[in-house]
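Based on the hints, put chains B, C, D and E in the right spot on chain A.
Protein chains in written order, with my numbering: chain A, 215 to 545; chain B, 5 to 665; chain C, 162 to 315; chain D, 118 to 462; chain E, 2 to 138.
Hint data in this document are derived by calculation from the structure and do not stem from the laboratory. Small disclaimer: the values here were computed from a predicted structure and weren't measured. Be aware that a few hints might be false.
What the hints assert, rightly or not - EDC-like mimics (lysine to aspartate or glutamate), calculated; alpha carbons at most 16 Å apart, straight line:
{"no.": "1", "chain 1": "D", "residue 1": "Lys374", "chain 2": "A", "residue 2": "Asp328"}
{"no.": "2", "chain 1": "D", "residue 1": "Lys374", "chain 2": "A", "residue 2": "Glu459"}
{"no.": "3", "chain 1": "A", "residue 1": "Lys425", "chain 2": "A", "residue 2": "Asp491"}
{"no.": "4", "chain 1": "D", "residue 1": "Lys147", "chain 2": "A", "residue 2": "Asp491"}
{"no.": "5", "chain 1": "A", "residue 1": "Lys354", "chain 2": "D", "residue 2": "Asp324"}
{"no.": "6", "chain 1": "D", "residue 1": "Lys454", "chain 2": "A", "residue 2": "Glu260"}
{"no.": "7", "chain 1": "B", "residue 1": "Lys399", "chain 2": "E", "residue 2": "Asp30"}
{"no.": "8", "chain 1": "B", "residue 1": "Lys654", "chain 2": "A", "residue 2": "Glu459"}
{"no.": "9", "chain 1": "A", "residue 1": "Lys333", "chain 2": "D", "residue 2": "Glu250"}
{"no.": "10", "chain 1": "C", "residue 1": "Lys307", "chain 2": "A", "residue 2": "Asp460"}
{"no.": "11", "chain 1": "D", "residue 1": "Lys147", "chain 2": "A", "residue 2": "Asp328"}
{"no.": "12", "chain 1": "B", "residue 1": "Lys654", "chain 2": "A", "residue 2": "Asp452"}
{"no.": "13", "chain 1": "C", "residue 1": "Lys301", "chain 2": "C", "residue 2": "Glu272"}
{"no.": "14", "chain 1": "A", "residue 1": "Lys496", "chain 2": "D", "residue 2": "Glu146"}
{"no.": "15", "chain 1": "D", "residue 1": "Lys374", "chain 2": "A", "residue 2": "Asp452"}
{"no.": "16", "chain 1": "B", "residue 1": "Lys238", "chain 2": "B", "residue 2": "Glu220"}
{"no.": "17", "chain 1": "B", "residue 1": "Lys617", "chain 2": "A", "residue 2": "Glu280"}
{"no.": "18", "chain 1": "D", "residue 1": "Lys145", "chain 2": "A", "residue 2": "Asp420"}
{"no.": "19", "chain 1": "D", "residue 1": "Lys145", "chain 2": "A", "residue 2": "Asp491"}
As the list claims (entries may be wrong) - Listed next, the stretches of chain D that the computed footprint assigns to chain A, with coverage defined by at least 3 CB atoms under 8 Å from CB atoms of chain A:
{"no.": "20", "stretch": "147-156"}
{"no.": "21", "stretch": "344-356"}
{"no.": "22", "stretch": "394-403"}
{"no.": "23", "stretch": "441-451"}
Using N, Cα and C, we set each Cβ at its ideal position, and we do this for glycine too.
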Amino acid sequence: MEKIKEEIRQIAREALTGKKVDIILAWEKGPLWYDSYPAFFTKEEEVDSLTWDSFCINNLSKYLLEETMADKKVGVFVKGCDALAFNQMMQDNRIRRDNVVVYGLPCPGMIDPDKVRAKRLNRGLTEVKQSGDELIFVTKDGEITVPAHEVYYDKCLYCHYPNPVVYDQLIGEKVAAETALDRSERFSQVEALEALSAEERFAYWDSQFSKCMRCFACRNVCPACSCERCTFDDDDLDILGKAREDSEDQFFHLIRAYHVVGRCIDCGECSRVCPQDIPLEKLNRKLIKDINALYGEYQAGLDPSTKAPLVTYQLEDADSFTAGEKGGKGT
Amino acid sequence: MQRVGVFICWCGTNISSTVNIDEVVAAVKNMPGVVYSKDYQYMCSEVGQNLVKDAIKEHNLTRVVVAACSPRMHESTFRKAAKAAGLNPYLLEIANIREHCSWVHKDKKAATQKAISLTKAAVAKAILNQPLIPGEVGVEQRALVIGGGIAGIQTALDIADAGYEVDLVEKTPSIGGKMAQLDKTFPTLDCSACILTPKMVDASMHDKINIYSYSEVEEVNGFVGNFEVVIKQKARSIDMEKCTGCGICLAKCPAKTALSEFEEGLSKRAAIYTPFPQAVPNVPVIDRETCTKFRTGKCGVCAKVCPTGAIDYEQKDERLNQKYGAIIVTTGYDLINLDSFGEYQYADHPDVITGLEFERLVNAAGPTAGKLVRPSDKKKPKKVVFIQCVGSRDKSERGKSYCSKICCMYTAKHAMLLRDKYPDCEAYVFYIDVRTAGKGFEEFQRRAVENYGVNYIKGMVGKIFPTGDKLKVNGVDALSGEVLEIDADMVVLASATQAKPGASDVGRMLSISTDRDNFFTEAHPKLRPVETHCAGIYLAGACQGPKDIPETVAQASAAAAKAIGILSKSKLVNNPCVSQVDESVCSGCLACTKMCPYEAITEKMVEQKVHGKIRRRRVAEVNAALCQGCGGCTVTCRPGAIDLKGFSNKQILAEVDAICQ
Amino acid sequence: MSVIANNAAVKNAQAFEPLIVAFCCNWCSYAGADLAGTSRLNYPANIKIIRVPCSCRVNANFVLRAFQRGADGVIIAGCHPGDCHYMTGNYYTRRRFSLLKNLLAYVGIEEARFKVDWISASEGNKFADVMNGVLEKVHKLGPNRKLRDSRWRR
Amino acid sequence: MKKIAKDQLALLWEKIDQNYQLFLPIAKEKAVNFSTWKEGAEVDLDALRTVNSPKNIIFPQTETYLTFKKEGKKLGLEVVSRDEEYVVFGVRPCDVASFKLLDNVFLGEPVDKFYEENRQKGLIISQACLNPEETCFCNAFAINPESAPVGADVATWDLGDLLLWEAQSEKGKAFTEALSDLLEDVSEDDRKKLDEVKAGIKDKLEDLPLVHVAPEKIEGGLKEIFASEVWDELYQRCLGCGMCTYVCPTCHCYDLKDYNGNGCGERFRCWDSCMFSDFTMMAHGNPRTTQKERVRQRFMHKLVYYPNNYESYACVGCGRCTERCPVRLDIVKVIKKLGGERNEL
Amino acid sequence: MVSREKITPDMAKKEVVRICEISDENIVDCMQCGKCTAGCPAVHGMDILPHQVIRLLQLGQIDQLLQSEAIWSCAACFTCASRCPRAVDISKIMEALRLTLVRVKGNNRLDIEKVPKLLDKNIPQQAIVSGFRKYVK
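The shape of chain A in the complex, shown without the other chains (with noise of 0.2 Å):
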């Protein structure tokens, strides 16, 4: 990843002094092991700080709604996810193409700091180094090397697009895109939760919701949250109080998942950055997995040409209530 992060700052000088754009979005690192953040760059002297490491877990493709439509040239970078989440926003209308450059990152996997702590990797943490399937870990005492799988992100575990999807240019090699889990047992969470009784998912479900704080950090990360005012913030139609309720709390919950149905490409960000650890990508994957099975497997952002699975229909599409009979002639 080193030498990439050294081609990208170089990509991203010339990129500036060619002015081919105005802005580019790529990462910077912070004080802490951890600590890779967006950042904005718009001049060459800047770019020195541009990082690509195992903690750029921010998709900056959620920052492509803002810049282009101010009618700037942006250049951003994307990993696999981003890229999905750049089409599902291209798909939304939500990104004018003809102002971005898309530089694709294959994507080894990002490292999620709750497994390093875990295995309390982090005591004295300089920094962290890719070889292979392992990472080295360069502490004051040491290095300690692990098994790169053992403290990657759950959702990287899973993922089958660590290539971009969609890029004007790619830097650094493809990676290889099997995927360390079973893909399909990321919906194993999923059917344990179905194979339970009503009363029991309701109380997992309440005890999960309750924990809101509804900080909406889930829908501001989100790429498939881009309306320019979200519902919940229509005062006039007021259907979200601001209430710590309950049933304010599963309302919320409720709604969020559902207006992402379809569109949801499983990224994963609204997980990752809830304070109160609320398991929402057990509720996406639900909706992904209904939609699979009642209207063929979709991939959300793989394609922005393709219908969304709930603006369009089959004559024969199954229902989940007529038990069997579909109801109609269409059938």
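Only chains B, C, D and E this time, still in chain A's reference frame:
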């Protein structure tokens, strides 16, 4: 703050016997916004309407709620009353406390509570109602008639006579339909051709009627007043301009192997053919599947003999785009396939024929030149058995549950024609019931029994056994209980009628619904018999259900009158309950455009000033003339930027809240 | 069941008055409800109908709002697929609410509390049957507390 | 000074619960928050930092002011007050310090009666931090994690199998007295051990990467800082969620809302976030139209406006925003940027 | 002198309801077209014709039916069932009528002892078995 007036109807005792009106009135007084309430025996009466009108003026009502029967019944009545009193009609709401309350509940207490609840919901919604003004759209003053049978011809003539252009589209090479195949018509026994042919000629000569024969409607878009239709003119292989209809090609064509559709397969026709001599247009068609030229590339006799060079082997299907103000569907009917009725031997024995085949056999222009003989050996029959209800009133999988309506009469006609031609020939009719509702129908059927000596037997035939050159018919006289065996020479089956096989596809194309049996559904079985649920599309003839010629013609004229009603207007008012976009909220994702069934939503670019900066943005835009107000787009729109007037998100949520109190 | 227990059950049944909110499309199901009325069929007064132009007008918000406000069951009824007055509206209803129904079940809402069905204008009988069926099941389940706003008084 | 064996704590909770509502850091579905103790609750005294700060107890996210009920055309009102006295156990020194910052706002004239009542009915028991994390920087605001913080009625130290207990206020002393059958006096050994532990913590603090952040380095007056170009760069990555404000122990903006529950209802206050686009929404619209202005508002408030009013920064270095911000736009980075430092790599 | 019997159609009669239950057929559907009779191969041995069987059931005249020979003549060949336009399976109704009689204790139609005497060498085994099924409890 709105000033709401609530009017509660007793509907005589229809509502008041189950709903305690006094309690409702008392409850209404406490509802937020209500400043006036009134109950009356018949709110829809003139007196009742005046109560509404007067109260609006006297109490400065800004919203009106009428708690009465279904809005599908009297919403427009009360809207008119509101309008007359100077209130925008869309500021009125109906609470349905009859069909949805007093008529379905017995417990008076519960029904009263529900009536209050429904009224509360209507009040809550009404407060949020906005004055709406219907838009106007121009009307294309041209009608499309689909199907060139007697229904289509009559409709076209009536509309054309009223002075409007009509396009008559017929799938087969000639107009005329089933009626052209008939010999005589009941109950007057006049010759079918004698009364139909002049109408066909009238239609072809009418300067307002364009006949597109050998054509099909392929696509229908748009809405009342502005339908956009694609008509496919199938390649006829003949230049219609050049052809004089001399018929030399027909005679010279060497490929005379195809069964004549018009003659019900009782005779053969050439590959180049007109269905029948009086065909309109009198221009032949080449049946490319039979034609040697098309099959092998050799022959070309017709082109050689044609004096005008009208034959065109290269002709292609053509598509024509046309706009119409109204569409009349007159696609007619078919007879059911009798293959599954093995006991009648229809498929296996040539002398077992259908009624329609009988028509051709007795017709002077038919395959036997009017000589009624057995198809098998061309001998004159001595005993003919007619069987009614073959597949009609049949609940089993083989048949149709409905009565085909025409068979009783035409069977009587057939038996009479038979006895008329051959007084020495015996006629037996097996029937379940004889149904002769219609002017002169009963007399007609009695004549068959009383004057013509036709043997009517209440009972059915179990099986037919071909024995030698006879058909042994095993039947029963259910009245006497006698089991009968008749040695017949010929058997005529009154096969059930059915909807055209493609009817449901046509229905889908036109967005009109079909019933269980695939007949098109009228808007109301009694009060709107020729209209469909789709404004501007009308029905006539047997495509809507089995019917005879007089009824078909009557319905055709009725449909024509309805269509003329549309065409005679220069403008139509729109349903104002259409979607609208809040451009400041619209994200331009255009999900709405993808689901809109009417393609009424398009994108446009707008420049918006947001906090002092100009932003060029893509937003959705609704064409109010195309929008039919289904509201599907409002649900695809996550932020609620697109909303449906008259059924807005806020209004429906207010109703939910009010109902849940 | 003993007579006493039976009485208690009857009493209980009386104490619980379920509230069912039914969204009916104007052209088929609302008309079907009208027909049920015209035919003097019987279904309990606990069912209250909200008229929408098409079943595709029903937003998931509305369904959840009804539950928040104390509805014990919610019904969406539209034309049969293929018969939509707006040509294709209910095909979208079918997809949208197939997913919502599963989602609600997934978070623990009893399936019988949310019903989607196709009822044509001529199916007054079916209308009454569906309403009775939902009510019966909801009755067995008892009052709905899930999703319900604790501050709302019914 | 008193002590209690850690395995006796369950008895202590039970005892306190008899007379008070007891708040403890309790783990529920992987998240540790202060919540009411119940038999069998999963108490987690090791969690350094609860997701929500204990601010949620003295200034709840949702707090009902009054309930109303419609009777005919009349409206009946009833003011709601906190019914029970309560105890919060396990408040970390940084969070204890935050209470003072909130007091400055709510207990100054005009006094916020609801807040005042909440404060009066509560008893605060602090717990010293033995293992500060890399995201902690309370020291930068002169807070000693090992100390018995001012503002705590009782201070405690976790010595592994023992919990040391020192009452500080009158209220705390009376409370300790009431629990005398469960608490015993400490020995000299215990005191020695405590001193060792305290010294150990001081050493650990030196190693923390963020404790040297120095808000004093921010130069210039209010107007200069307001007009600084730094904001143009800083705000860009902000996603506009309200997480930092909600987890922050010192953020205290709120909104007033009514809930209409069918003829009855309530008026309540609830946290609001200056990060939200509808914050302080008025009839003419929003005074802060861009995210830049909102981000600036938040940090100006913490680092400039509040100090101007109360002579103290409105940050206690708890590290919640440092840990949680999805795009790592935390106050440390802002302080450094405004103080002219570049982020060290 | 002509005597008039007052007949009240009674399909609610216990016996009729039972016949309908056993056969699972809907006798109201019958329109008395007689097609069953017309095609019945065993009709010549019947004192009451198949369509009349339904009619009597519709009227509730069950006694007459139970005394008839017709129900025993029915060969259960299902010809009537396959042709009935109203989808009424008369063979099942005939069977139900027979069962009503046979199920009463000691009411076997055939005395097993007498069977050998009745047998014809050409009768297939199958027919004997089905004969037992039809005539004996």
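Hints versus structure:
no.: 1; hint: Lys374(D) x Asp328(A); in the structure: violated (37 Å)
no.: 2; hint: Lys374(D) x Glu459(A); in the structure: holds (13 Å)
no.: 3; hint: Lys425(A) x Asp491(A); in the structure: holds (9 Å)
no.: 4; hint: Lys147(D) x Asp491(A); in the structure: holds (7 Å)
no.: 5; hint: Lys354(A) x Asp324(D); in the structure: holds (12 Å)
no.: 6; hint: Lys454(D) x Glu260(A); in the structure: holds (14 Å)
no.: 7; hint: Lys399(B) x Asp30(E); in the structure: holds (9 Å)
no.: 8; hint: Lys654(B) x Glu459(A); in the structure: violated (22 Å)
no.: 9; hint: Lys333(A) x Glu250(D); in the structure: holds (15 Å)
no.: 10; hint: Lys307(C) x Asp460(A); in the structure: holds (9 Å)
no.: 11; hint: Lys147(D) x Asp328(A); in the structure: holds (12 Å)
no.: 12; hint: Lys654(B) x Asp452(A); in the structure: holds (9 Å)
no.: 13; hint: Lys301(C) x Glu272(C); in the structure: holds (13 Å)
no.: 14; hint: Lys496(A) x Glu146(D); in the structure: holds (14 Å)
no.: 15; hint: Lys374(D) x Asp452(A); in the structure: holds (11 Å)
no.: 16; hint: Lys238(B) x Glu220(B); in the structure: holds (8 Å)
no.: 17; hint: Lys617(B) x Glu280(A); in the structure: holds (13 Å)
no.: 18; hint: Lys145(D) x Asp420(A); in the structure: holds (11 Å)
no.: 19; hint: Lys145(D) x Asp491(A); in the structure: holds (10 Å)
no.: 20; hint: 147-156; in the structure: holds (count 3)
no.: 21; hint: 344-356; in the structure: holds (count 4)
no.: 22; hint: 394-403; in the structure: holds (count 3)
no.: 23; hint: 441-451; in the structure: holds (count 7)
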